[in-house]
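Peer 1: Can you make the complete structure from the sequences, with help from the hints?
Number of protein chains: 6
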Amino acid sequence: MLSVIVRSALTKYRGLRLPSQSVVRAMSSSGGPTSPYTTLAISHPVESITHVELHRPEKLNAMNKAFWSEMVDCFNEIAGDADCRVVVVSGAGKIFTAGIDLMDMASDVLQPQGDDTARISWNLRQKIVKYQETFSVIEKCPKPVVVAVHGACIGGGVDLITACDIRLCTQDTWFQVKEVDIGLAADVGTLQRLPKVIGSRSLVNELALTARKMYADEAKSSGLVSRVFPDKEAMISGALEMAGEIAGRSPVAVQGTKINLIYARDHSVAEGLDYMATWNMSMLQTQDVMKSAQAAMEKKSPKTVAFSKL
Amino acid sequence: MLSVIVRSALTKYRGLRLPSQSVVRAMSSSGGPTSPYTTLAISHPVESITHVELHRPEKLNAMNKAFWSEMVDCFNEIAGDADCRVVVVSGAGKIFTAGIDLMDMASDVLQPQGDDTARISWNLRQKIVKYQETFSVIEKCPKPVVVAVHGACIGGGVDLITACDIRLCTQDTWFQVKEVDIGLAADVGTLQRLPKVIGSRSLVNELALTARKMYADEAKSSGLVSRVFPDKEAMISGALEMAGEIAGRSPVAVQGTKINLIYARDHSVAEGLDYMATWNMSMLQTQDVMKSAQAAMEKKSPKTVAFSKL
Amino acid sequence: MLSVIVRSALTKYRGLRLPSQSVVRAMSSSGGPTSPYTTLAISHPVESITHVELHRPEKLNAMNKAFWSEMVDCFNEIAGDADCRVVVVSGAGKIFTAGIDLMDMASDVLQPQGDDTARISWNLRQKIVKYQETFSVIEKCPKPVVVAVHGACIGGGVDLITACDIRLCTQDTWFQVKEVDIGLAADVGTLQRLPKVIGSRSLVNELALTARKMYADEAKSSGLVSRVFPDKEAMISGALEMAGEIAGRSPVAVQGTKINLIYARDHSVAEGLDYMATWNMSMLQTQDVMKSAQAAMEKKSPKTVAFSKL
Amino acid sequence: MLSVIVRSALTKYRGLRLPSQSVVRAMSSSGGPTSPYTTLAISHPVESITHVELHRPEKLNAMNKAFWSEMVDCFNEIAGDADCRVVVVSGAGKIFTAGIDLMDMASDVLQPQGDDTARISWNLRQKIVKYQETFSVIEKCPKPVVVAVHGACIGGGVDLITACDIRLCTQDTWFQVKEVDIGLAADVGTLQRLPKVIGSRSLVNELALTARKMYADEAKSSGLVSRVFPDKEAMISGALEMAGEIAGRSPVAVQGTKINLIYARDHSVAEGLDYMATWNMSMLQTQDVMKSAQAAMEKKSPKTVAFSKL
Amino acid sequence: MLSVIVRSALTKYRGLRLPSQSVVRAMSSSGGPTSPYTTLAISHPVESITHVELHRPEKLNAMNKAFWSEMVDCFNEIAGDADCRVVVVSGAGKIFTAGIDLMDMASDVLQPQGDDTARISWNLRQKIVKYQETFSVIEKCPKPVVVAVHGACIGGGVDLITACDIRLCTQDTWFQVKEVDIGLAADVGTLQRLPKVIGSRSLVNELALTARKMYADEAKSSGLVSRVFPDKEAMISGALEMAGEIAGRSPVAVQGTKINLIYARDHSVAEGLDYMATWNMSMLQTQDVMKSAQAAMEKKSPKTVAFSKL
Amino acid sequence: MLSVIVRSALTKYRGLRLPSQSVVRAMSSSGGPTSPYTTLAISHPVESITHVELHRPEKLNAMNKAFWSEMVDCFNEIAGDADCRVVVVSGAGKIFTAGIDLMDMASDVLQPQGDDTARISWNLRQKIVKYQETFSVIEKCPKPVVVAVHGACIGGGVDLITACDIRLCTQDTWFQVKEVDIGLAADVGTLQRLPKVIGSRSLVNELALTARKMYADEAKSSGLVSRVFPDKEAMISGALEMAGEIAGRSPVAVQGTKINLIYARDHSVAEGLDYMATWNMSMLQTQDVMKSAQAAMEKKSPKTVAFSKL
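Residue numbers (our numbering), protein chains in the order written: chain H, 211 to 520; chain G, 211 to 520; chain R, 211 to 520; chain V, 211 to 520; chain P, 211 to 520; chain X, 211 to 520.
Fair warning: there could be bad hints in the mix.
Same chains, same label: a pair holds when it works inside one copy or across any pair of copies.
[To be verified] Result set (DSSO-like, lysine-lysine): computed pairs, CA atoms no more than 27 angstroms apart in a straight line:
1. Lys509 to Lys275
2. Lys350 to Lys513
3. Lys509 to Lys340
4. Lys350 to Lys519
5. Lys501 to Lys423
6. Lys430 to Lys304
7. Lys519 to Lys430
8. Lys519 to Lys501
9. Lys423 to Lys304
10. Lys340 to Lys519
11. Lys509 to Lys304
12. Lys337 to Lys519
13. Lys275 to Lys350
14. Lys340 to Lys510
15. Lys340 to Lys350
16. Lys510 to Lys430
17. Lys510 to Lys350
18. Lys509 to Lys350
19. Lys337 to Lys304
20. Lys501 to Lys275
21. Lys519 to Lys509
22. Lys513 to Lys423
23. Lys337 to Lys350
Just so you know, these hints were derived from the structure itself, not from any lab.
Peer 2: Spelled out as structure tokens, the structure:
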């Protein structure tokens, strides 16, 4: 349903610049979802990099029931895949995502089960907690996740991208915290993460309370994204290049950095430092430090070093 | 006293652009404070929107004794007023506010009572806690508060606006964390909220430690305000329009959003998500979701929906 | 070693604009480290202002063993020096700092002692905790610290400046969170403080995970620094002027402000307010309030007031 | 209703030993509630001691609507009454309290208002928060509160006494966390405070999950009460004597102790110590230290010292 | 291995009083583990009560690899089983459990994999986190868990029982925090939960640092267990009776109580109250309140009420 | 002064049973303070055990200026002494300690310096923070500290022992939270640690608010001490035996246990578990696990194993 709404919105949105289809094809392994997934296409454009593509382009990548559980399986698998060092997330088709597929989810969200209000509430809470996990797995996965957004990123899409580590977008992208338009407070991450992701609280509140669109320029100046690209093709190239930079460095260093950055967000500086010291008392014993230092002395890039898998 | 200081500062401040008087009049219900208040003018420019105007224009809206308690009464009343869905705060006269009216407050702050240092301290602490409540009520009020600042926002004014949800200003506005100039560390909210409201800690520290003025452009680029308007008239229109957007949406969604955004600021992401799930297990059972979804399917704005009062 | 690497990098870095040597000389008391320090030059360019200069210019101010302990002694002394009200930190020579001097530190970091992994870890943890203190002392020192960065600020340099209160830089400065290049997660402060210092989490993650350089303009727009100066001479003047503004105000107000701003960063707003009230119940009893108010009434700057030492 | 249930329970409870009526009369100022209260009798058996008596003996002091708001008014007044240094709370009649008066409260709790589930929830939450305040005021009141329990302490009674500072009971007392018997999780304090008041978590869980009665001996050995008296008369004497000990000491010391003990419960040791230092930096400047030290040197009790009011 | 050690210890432990075999048989459904488990026997002695029996009696219920994952599956299933309202945990055979089965776990714990220290550490951390989950599932399961301990509860056994809600034991039981004897700090829960389960920190430290045995009497007086029974038969009866009391009450009340008790342990009182209010705003709308109140008015036990499943 | 008061109190205290002088002599290396200390006698009764004796017996071990700084030096040295694995603390002479030596401390505490109230407060706060450190070093020292108390433990003595890990006392000991008698709230640890050390909050409040004495039996039943001995001689033997048990076990296990127990006290269970896993990912790689396991298989005590120093 929401996808229907968005589609009609897109019709009105004249500025939409479609990315060249070749890029989309290039990035998805087989032009469609990858077994065992029906909504995600997984590929490995380069060694050590996993590309996760939201892939229901005909539905504007609206998040249906399958999506909410496939994301968990997908990122749990990535978390345990020693061959993967970085993840790139993008969306197939016209836009990144239209957000929750209300049509498909309606029975879950709009017709909750239970003998009385308490029992309906109990069941709803379990569902919400489960849906929250869909994006929290991105954060729990120790490999950095670069998300590349194009076209539009609506509702659940904002929940998704705020759980990623690095956000990129194309010049034609708009973002929308859509939930108040549907009569609910966003409950799968946007309200918790967006204020810790961008620096202007006034803007966060405005976006969440009015559901207005934010375009690429404001997304850049507010810090939601750290880079804007002219089109999807350039962005995907940029995302892969950035992912390559990360993948080329010591996974002990990179993944320890992600874990401690997230820990620091949720703790005082003193607590973050204590945890960091306890973390690094073992991690500094990695051979990667010696290997990296050696490369540096020889004026080689760390990317020339062969690091063991983690 | 502080208002005296500021007034002389304003004399020197050549760039001050006075808003057209018609706007000020239009916004205040009766051209002055509204019973039972002596420093606040309350009006209802549009259904569901409450406009609170700081209204001691001849004193540059300096915050006298009455103000500190009237704000608490006013926002407690608003919190309980089911007819109000959004609040707009602005200042009458030349500037938003000159901050604390030291002349009127001197006996409280400068001549504290008590038989010995401990007892004076005890009494001072009770006063500070009481004054802090003056602005914390804004945050505790579940209805979003849009503050529209013009001219100047000094000292206590910054404490006030950082407790609001959305900040707007005119091009001619300057902001000043004035307290160090009076020999004290700001103690009613600025030091606690400003760093969580704007994204540059270096700037926060500079403002608080040097008491320098910050003008509209820097306020915008730093994220203190999310929009700058050419003049007060345009700003008030803009504030009302924005308030209208918010007031037109489900109050269950809007007020739940405010409450959870504030909760998220003060907690880890994991704790924020847990609270959110517990909140929404009942709130998702609102009819507003169905009504909003129905409107969306019919391509109507959520503002066309008649939501029950909250 | 790292200094070697950086030096070669600088050779390639064509845009480096050297500050006039006269400024550097003017700022360091005797053209070199000040007894009892071998890596720091301490001077008092103006009453109440202490200037701490990283002073191993021939090594690009790389942080050797001596540096890590001298910083602690230096800031502990400053904390207890009633004649000092503000600190300015800068670097002698071509750049601010090349970061950790891996050559000198290698035995500590790369050849940790211990009979088994647990004991090596135990010893490493003690070292990390000790090194963290090198920058935490800046934060624990109640006097505001303004840091003026030029040329380059690499690795440990970012850990250092994020612990300062106000950050300034020259137009030719670049910043680099270097640690992942050496195979380790930054463990002396950057990962804990950088996300609380600038407003874009996407940018923080990008910098920490890719080790890319960030130049002055992005440092300014992201809020890492609050001012950019054309060259080092102008920056040092600007830093001293800003320090003078702070030093001229009540030390009770200024140092109470710093302490409470740091407390607020690590606590909820409610807890910060409670602490603030408890702090000010005594601090408001200072004569500085009366003196400052008196000056204000007489339209004098607070800088004309003679405040007692703190 | 609950009082009905309890009364029938009491009929079966053979061991109930009625306190001599003279004591009850002696303690309540006029043999009944004190204006402006209808459920509380306030008296001042000794200077500096306020006695608050739950006084609906014919209803077993069941907590009706009036009670929930009168407690707030009562303790707010006590908090501001410089003549009061300690509070003793007890119950008139056969038992301390039968807990919530469901009959009187039914419209509030059992027939909540609202147009849909979300709005009913919203209203219920406001009520719960208000009822929680009824007991939290005891904790927010800086004067120590000694509660003397006899006969039975049921449901809301446990919520009440866990918010007090010192708990005493008679040998014939039983305690009951009654809420699960009525189909609800205790929501006005027991679940939050009981585990922090007694040392056995297994016992806490057993009491809260089975609603079984706990008798005086187990209340003593588990630490719920710190003293058990043979009968109500002895207990009231004991409570007054203990209150006298407290009232005779410096109110700066005593009230600072209560505030910091409660702060410590809710914070880490490091945070508690920091708050304590900030608290005492002013409070140590009281004349009470000198007066108390002087008395000690002269081998006099601190109770002989005349301390200023606080 | 540890089981070997313990067995020899038991040989020396003369006081061991074997429970009658009939009880053990009665409680385990089929005299052995229940499909799909190899270490757990699951039965339903009474409607709504699930009995989980550690069932490797020939190995003294030592915790082998299968056990660590079967517990997670088992309690996840129980959490989702609407027919279960309470869980009883006990051990088959001579003792409750000898703790970790080091022989079976050796490859995991003693021979960790990885190319260097950092990678070994990384893998070990994942294992520890996984093992911690084995007992945390007990806490995350909203149904109360009563654990009935007999004979001996060693090492991992203490980790297990401190995650349960109510602890019972026989007179012949001893408890031992065994880990320091094996050269490691307990890392799956004892150090985190034991201090919050019993009231004497001195005792907790003594037990954890010396690995001395604690017998039933001290377990009772310190609050580790809330009841001691003469033998296993009596204890199982008692456990079932207590479980029956809990199972007979409203599951909305009971499970909400467990969830909020655990929340309260880990939060300040103010935060616990806030969460509680948000929880109960929906849960109070259960029909169970009406049904329970009705029963109470009719002087019936809540156990006579038919509550809907949760 | 306080020592004077206490001495006269002791004169009245008839029950005082003096320990045999031979024990005291045996325990202190040279019958008096050990260079460089004037208030502490340090000895090494057994390898790996350090005995710290409060040693101003003629002043009842009252805590004078020297004591407050010597404790810090002493425990910092112990923390870094690889030959020490456990610490025993006791008092020389008639009683454990009379608490703060007000006579000697008067200039610090009673005559604080500063030009105005704020500056006096500032200086007082620094002193309090310094004095708090005197006992916090005990907690920061990773070696377990067993404290053996005899006779009396007053005021500062309670602050001291609550920072120790295990508390023992003789039958003739009384404890007194003395501070309210001197007109101040205890500010060096008692209010923060006592409630987390014993399980009855009612008792904690009673002790802190009335300054009444608590005798050995209540200290045992409340959990303040975990063992009571008939006299000092037996207690010292018991303390050494217990210390020997701890010293004989793996220092990696023992010190990791202490550190994590303290961490757990100040954090939620989830956070404690996370820290524990991060701690043990390296510490489990110690050879001590293998050595301990080997000993266990051979039925030898862990005390027979030769562990490397830590």
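Peer 1: Does each hint fit the structure? Answer for all of them.
Peer 2: Hints versus structure:
no. : hint             : result
1   : Lys509 to Lys275 : between (51 angstroms within a copy, 24 angstroms between copies)
2   : Lys350 to Lys513 : within (25 angstroms within a copy, 39 angstroms between copies)
3   : Lys509 to Lys340 : neither (48 angstroms within a copy, 30 angstroms between copies)
4   : Lys350 to Lys519 : within (19 angstroms within a copy, 34 angstroms between copies)
5   : Lys501 to Lys423 : between (47 angstroms within a copy, 22 angstroms between copies)
6   : Lys430 to Lys304 : within (21 angstroms within a copy, 32 angstroms between copies)
7   : Lys519 to Lys430 : neither (35 angstroms within a copy, 38 angstroms between copies)
8   : Lys519 to Lys501 : within (14 angstroms within a copy, 30 angstroms between copies)
9   : Lys423 to Lys304 : within (17 angstroms within a copy, 33 angstroms between copies)
10  : Lys340 to Lys519 : between (31 angstroms within a copy, 21 angstroms between copies)
11  : Lys509 to Lys304 : between (43 angstroms within a copy, 21 angstroms between copies)
12  : Lys337 to Lys519 : between (36 angstroms within a copy, 17 angstroms between copies)
13  : Lys275 to Lys350 : both (21 angstroms within a copy, 25 angstroms between copies)
14  : Lys340 to Lys510 : neither (46 angstroms within a copy, 31 angstroms between copies)
15  : Lys340 to Lys350 : both (14 angstroms within a copy, 14 angstroms between copies)
16  : Lys510 to Lys430 : neither (33 angstroms within a copy, 31 angstroms between copies)
17  : Lys510 to Lys350 : neither (32 angstroms within a copy, 39 angstroms between copies)
18  : Lys509 to Lys350 : neither (34 angstroms within a copy, 38 angstroms between copies)
19  : Lys337 to Lys304 : neither (29 angstroms within a copy, 43 angstroms between copies)
20  : Lys501 to Lys275 : between (46 angstroms within a copy, 22 angstroms between copies)
21  : Lys519 to Lys509 : within (23 angstroms within a copy, 40 angstroms between copies)
22  : Lys513 to Lys423 : between (39 angstroms within a copy, 16 angstroms between copies)
23  : Lys337 to Lys350 : both (19 angstroms within a copy, 16 angstroms between copies)
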